[in-house]
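Visitor: Sequence:
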Amino acid sequence: MTDMSEFQQRACAVAVAKMFRTKHFNICDLDAIARTMGRETALAGRDYNALQALHCVNWADMGPELQRMTREKCLELLGLPPQTVETVEPVQPAAKPSEQPRRLRLAFWRSQ
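Residue numbers (this note's numbering): 4 to 115.
Take these hints with a grain of salt, some might be off.
Label-pair distances were calculated between CB atoms; the ranges are [to be verified]:
| no. | residue 1 | residue 2 | range |
| --- | --- | --- | --- |
| 1 | GLU68 | ASN29 | 18 to 24 angstroms |
| 2 | ALA63 | GLN12 | 29 to 35 angstroms |
| 3 | ARG13 | PRO67 | 25 to 31 angstroms |
| 4 | LEU69 | GLN12 | 27 to 33 angstroms |
| 5 | GLN86 | MET7 | 16 to 22 angstroms |
| 6 | MET65 | ASP6 | 32 to 38 angstroms |
| 7 | GLN86 | VAL60 | 21 to 27 angstroms |
| 8 | SER8 | MET72 | 27 to 33 angstroms |
| 9 | GLU9 | ASN61 | 21 to 27 angstroms |
| 10 | SER8 | PRO67 | 33 to 39 angstroms |
| 11 | LYS26 | ASP6 | 29 to 35 angstroms |
| 12 | ARG13 | GLU79 | 19 to 25 angstroms |
| 13 | PHE10 | GLY66 | 19 to 25 angstroms |
To be clear, the hints were calculated from the coordinates, so they are not data collected in a lab. Even for Gly, the Cβ is constructed at its ideal location relative to N, Cα and C.
Could you build the full structure based on these sequences and the hints that come with them?
Guide: As structure tokens, then:
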């Protein structure tokens, strides 16, 4: 990424994060990033074909191991270090409170 402008570097960084944070894997994102980085020749062979087979598959349907492998393979084809995966892991939704708030009685001061 050293021969890329700052704009191109930032665009690729955001695109990689988007690629891993969406609901499903989109091979088009990988293709666009690779073109911007000048890594089109890396998008060949059986590994890339396997990624094409995963196009539009929900990340949740892949299971944790295949998710990790898919992310690592994308980064490998882009020439990026695998540590990048930890920085772009999908954000988990906040857990809902387990207890519902209690409703006060209208005449709470009256004794029954």
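Visitor: Evaluate each hint against the coordinates.
Guide: Going through the hints against the structure:
no., hint, verdict
1, GLU68 with ASN29: 18 to 24 angstroms, "20 angstroms, holds"
2, ALA63 with GLN12: 29 to 35 angstroms, "30 angstroms, holds"
3, ARG13 with PRO67: 25 to 31 angstroms, "30 angstroms, holds"
4, LEU69 with GLN12: 27 to 33 angstroms, "29 angstroms, holds"
5, GLN86 with MET7: 16 to 22 angstroms, "20 angstroms, holds"
6, MET65 with ASP6: 32 to 38 angstroms, "33 angstroms, holds"
7, GLN86 with VAL60: 21 to 27 angstroms, "24 angstroms, holds"
8, SER8 with MET72: 27 to 33 angstroms, "32 angstroms, holds"
9, GLU9 with ASN61: 21 to 27 angstroms, "34 angstroms, violated"
10, SER8 with PRO67: 33 to 39 angstroms, "36 angstroms, holds"
11, LYS26 with ASP6: 29 to 35 angstroms, "33 angstroms, holds"
12, ARG13 with GLU79: 19 to 25 angstroms, "22 angstroms, holds"
13, PHE10 with GLY66: 19 to 25 angstroms, "36 angstroms, violated"
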